[in-house]
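Let the sequences and hints guide you as you build the complete structure.
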Amino acid sequence: MEVLTEVRERMARAGHAFEEVKTEISRAVVGHEELIEQLFIALVCGGHCLLEGVPGLGKTLIVRSLGEILNLTFSRIQFTPDLMPADITGTNVLTDDPSGRKIFEFQQGPVFAHIVLADEINRATPKTQSALLEAMQEQSVTVGGKAHRLESPFMVLATQNPIEMEGTYPLPEAQIDRFFFKLLVQYPSKEELGRIADLTTTSASASLRTVLDADDVLTIREWVREVPIADAVKDYAVRLVLATHTAGDGSVPLTQKFILYGSSPRGLQSLILAAKARSLLSARPNVSFEDIRSVVLPGLGHRIILNLEADAEGISPEKVLAEVLERVPEVL
Amino acid sequence: MSDERLILQERFSELLRWERLKRREGIMVTVLFYSLLLSVSVLPANALLAPWAGAFYFPPLFFLILAPGFFLRRPWGRRESLRALFLLDKTLRLEERAITAWEILGCKEAKGAEQLVIQEAGERLRGIDPRALFKREYSWHAILTPPLFLVWLLLVWLDMGVHLEKGVPGSQSISVAQRLKEFSRDLQERAKSQGLNESLKIAHALEELAEQNLKGEGSEKKLSGELAGIFNRIEDTAPVKEGESELTLPSTTREGLVDFKVELETLKPALLPGSAGAENKLEPEIRRRLATLPRLKEEIERSRLSIEKLEGKELHGLLERLEQGVIAELDRRTLLEIKEFLALLLEGIGGKEGREALQAQLQAAQVWLSETEKAKGKGSLPGDRPGTKGEFSQTPPPFKAGAATQLKGLLGEGKGSSLTWRGEAQGRESQISQEEILASYRRQAEEDLASERIPEGLKETIKRYFLSLGLTESKRGE
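Each protein sequence line maps, in turn, to chains A and B.
Going by the numbering used here, the residue at position 28 of the first sequence is 28; the numbering climbs one at a time, nothing skipped.
Going by the numbering used here, the residue at position 340 of the second sequence is 1340; the numbering climbs one at a time, nothing skipped.
None of these hints come from the bench; they were simulated from the model.
You may find that some hints are simply not true.
[Said to hold, decoys possible] Computed spacing ranges between beta-carbons, pair by pair:
no.	chain 1	residue 1	chain 2	residue 2	range
1	B	1136	A	210	55 to 63 Å
2	B	1069	A	162	21 to 29 Å
3	B	1107	A	210	37 to 45 Å
4	B	1144	A	319	34 to 42 Å
5	A	162	B	1077	20 to 28 Å
6	B	1093	A	307	36 to 44 Å
7	B	1106	A	319	33 to 41 Å
[To be verified] Residues of chain A placed beyond 12 Å of chain B at every Cβ, according to the derived structure:
no.	residue
8	2
9	200
10	232
11	256
12	264
13	282
14	309
By construction, the Cβ of each residue, glycine as well, lies at the ideal position given by its N, Cα and C atoms.
In C-alpha cells, the structure reads:
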C-alpha cells in the first residue's frame, strides 16, 4: 500500500506542478494553453522544441516566461546570418592567470544554460545552426578539442518564421529530427487579443514567481519513464509511425502519394515518451490511446518529408497525419 | 496475490469466456446463413444430383463443409482478447486501464505504477457483469437467417427444382399422358389384330385417360389415381390365371403363341363349312398338313388323339378350343404387360426414384431381350431344324424383366449391332421346312399388319393372302 501511496503522490505532485506552471504562465501569456502543455511535456521528457509562427505571436515571451517560472538559467540567442558557432558555444580566449602568465581560458557561450532560446534559428547559416547539433543530442559542447558538459535539464527552444523566407537557411533534416516537438504558434482569438491589449498596454506588469526548479524537473523526468504502457498501445504507436512510410505496413493512400521520407525511430520515441508524460500530468497511471493520438502532430509533423507533388497540391504534413490517425485502427 | 489481482483475473476470464461464446455463436449463425444461401442456390440443380441427395440434406451438408473453414479462418487468439478488452475500456471509459492491467497480470511481478493500474482497474471492474454489459448483438446474418430458412423451406415444399424431364410444373403428367397414349395406340392395334378383347378394352380406357390429360383436364394426382384404378381393374378382369390353361401355353413364348395361332388360322379355312375338310373324314391333304404343323401336332398328341383317326368335327372343335386358349393366354400376357407398364408409370409419377426404377427396368428388359434372342437362336425366325423349336427353353421370363421389353414407344432407339458373315454358298438341301418358313412369313406379316404402316382397308386382304400361301403351295404340289 505504501508503494501505491507513493505513486499516487508522485502523480499528484506532477499534476500539481503542471497546473502551477500553466497558472503562472497564463499571467504573462494569453491563450496558447495547448502550446504551453506541449512545451512542458517536452521539458519533462528531456526534449527540445521548434516553435513556428508569424512574428508577434508571443513565441519569445512564452519561452522566456517558462524560463522564469522554472527557476532555471535562461539565455537567448538571436540568430542572424553573421552569427558564428563560437558565438553560441563559446570560445577559448587568451587571459592572464593570477601569476601573470598568458593562458587560454574557455569562455562559455549562451548555450550554457538550462533553457536556450534560439530565436529565428533559420536566419543563421547552416554552419552556425549545426553548432547546436552536438549540444542538443549529446548535451555537451566541444571547443578546442575539449568537451564541456551542459547542465541538466537542458532544453533548446528554437523559433522560426514561416514567412520572409528570403535570406534564411532552412534547417537541415538531421537537425529538425532532433527536435522532440515542432509546435505551431496559432494566432490568438478575439477574446485573447483583447486580453493581450489589456495586459500589455497598461502600467501593470506581471512578475512571475518560480514554481519549479531543476531538481523537480529531473524528478518528474524519472517518473515519466516509469509510467507503464500496454503492448497494445505501444503497437498502436508503432503502426502510426510505420504508416508514415511509403512502403510501411499499413501505409495509407495519402502517405504513399505525398510522402518522400517517413518518420524516424526518434518519432516513435517522442510519441511514447510524450504520451507517458501526458498520462502522468493527467494523473493517470497508464498510457491511453488518446495520449498517443494527442502527440502525433507535434511529434511526427516535422519528421515526415513531403514530395514536390504535395507542395504543388498544397498538402501539409498535418493533413497527411490526420488521415493516418483516421485510418490506423487502435486495435487490429 | 492481492484482492484486486484476483478480482481482475476473474472478471477478465468471465469477459473473455463470454466474448468467445458470442463469437462462436456468431460464426455458427454466419455459417448457417451461408449454408441456407447455398442450399437455396443449388435447389434448381436438385435433379442433377444423386437420388440420395435430397434437398433436406443440403443445409447440414454445407454447414459441415463451411463450419471448419470459418472456425479455422477466425480462431480465437490474443488479438481477439485485446479487442474484447479494448471494447471494455471504451464502454466503461477506463482509458486503457483494462488492457494495461490485463498485460501486467500476465507478468510475474508488478512495479509501483503497475500496481496502481491493477488497483484502479480492479476498483472499476469489481461490480461489472460482462453478460449484462455486452449483450448479444445480432448481425445481419442472424437477422436474415430465419427468413432465408423460411424461403428455403417454402422452395423445398413447392419443389421448385428444375427436373430434367419437366420444364414447367405439371408437365410430368403431360409427358406421362403422351407415353400412355402412344402405348395405348400400339396396344389397340395389337389387340385388334390378335383379337384380344380385354386388352382392347383396357387400351381404350388408357387412350381416353391419356387424351383427357393431354387436354389438361387432369392433374398429376388424378392421373395417378386413374392409373391405379385401371391397374386394379386388370387384376379383377384377367381372362385366365397363370397355370389354368390345359394347354402347355404358359411355357410358350409370345412368339410361340403367335406362331401357333398362325398355324391354327392356316388350317381353319380348310375346315370351314362347305369346304372339303369340314366333312367328317379328313382329306389326306389336311392330314399331311397337320403333320407339318409341329405345334398343332404336339397339341393333338397331348389330347391323345391320332391324326390318322381324327375326324373333321373333332379337329374343328380342337382348333376352336386351342384358338380360344391361345387368345386367352395372349390376352392374359398382354394384360400383364399393361400392368407392368402402369406400375412403372406410377413409379415415374412418384418422383425421381420412380424414374430411376423405370430406367433400371428398361435396361433389365433390354438385357433380358437380348439374352432371350440369343437363347432362341434366331428370335422370331424359325429354328434350325423342323420341330425342334418347341424344345428350347421357352419359359416366360421373370415378370419384371420380360414385360418391360414389350413397352413399345417407351424404349426409344437403342444401340444396335450387326455382324455380316461372308462366305461361299454351299449347295445343299434346306434344313428348314417350307411350312416353317411360311409360318415365319405369316408371323412377320402379322406384326406388320399390327403396325400403322398398312392401311386398314388392305389389312384383311393381306392377311388372307398370307393365310392362303400354304394352301396355294400345296395345291401346286399336287
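Hints, one by one, checked against the model:
At roughly 59 Å, the beta carbons of residue 1136 of chain B and residue 210 of chain A sit within the given window of 55 to 63 Å. Between residue 1069 of chain B and residue 162 of chain A, the C-beta spacing of about 57 Å breaks the proposed range 21 to 29 Å. Evaluation of the 37 to 45 Å hint for residue 1107 of chain B and residue 210 of chain A yields a pass: the beta carbon distance comes to about 41 Å. Restraint check, residue 1144 of chain B to residue 319 of chain A: a C-beta distance of roughly 40 Å satisfies the suggested window 34 to 42 Å.
The beta-carbon spacing between residue 162 of chain A and residue 1077 of chain B, approximately 48 Å, falls outside the hinted interval of 20 to 28 Å. Separation of residue 1093 of chain B from residue 307 of chain A is about 41 Å and conforms to the stated range, judged on CB atoms against 36 to 44 Å. Between residue 1106 of chain B and residue 319 of chain A, the C-beta spacing of about 39 Å keeps the proposed range 33 to 41 Å intact. Residue placement check: residue 2 of chain A does not keep its beta carbon more than 12 Å from all beta carbons of chain B (closest about 10 Å).
Every CB of chain B lies more than 12 Å from the CB of residue 200 of chain A, the least distance being 39 Å, so the non-interface label holds. Chain B draws residue 232 of chain A into its interface by the beta-carbon criterion, the shortest separation being 5 Å against a cut-off of 12 Å. With a least beta-carbon separation of about 25 Å from chain B, residue 256 of chain A lies farther than 12 Å from that chain, consistent with its non-interface assignment. For residue 264 of chain A, the shortest C-beta to C-beta distance to chain B comes to about 26 Å, beyond the 12 Å cut-off, and the non-interface label holds.
The claim that residue 282 of chain A lies off the interface is violated: its Cβ sits roughly 9 Å from the closest Cβ of chain B, which falls inside the 12 Å cut-off. Consistency note on residue 309 of chain A: stated as away from chain B, and its beta-carbon is indeed over 12 Å from all of that chain's, at 36 Å minimum.
Of the numbered hints given earlier, the model fails hints 2, 5, 8, 10 and 13; all others are met.
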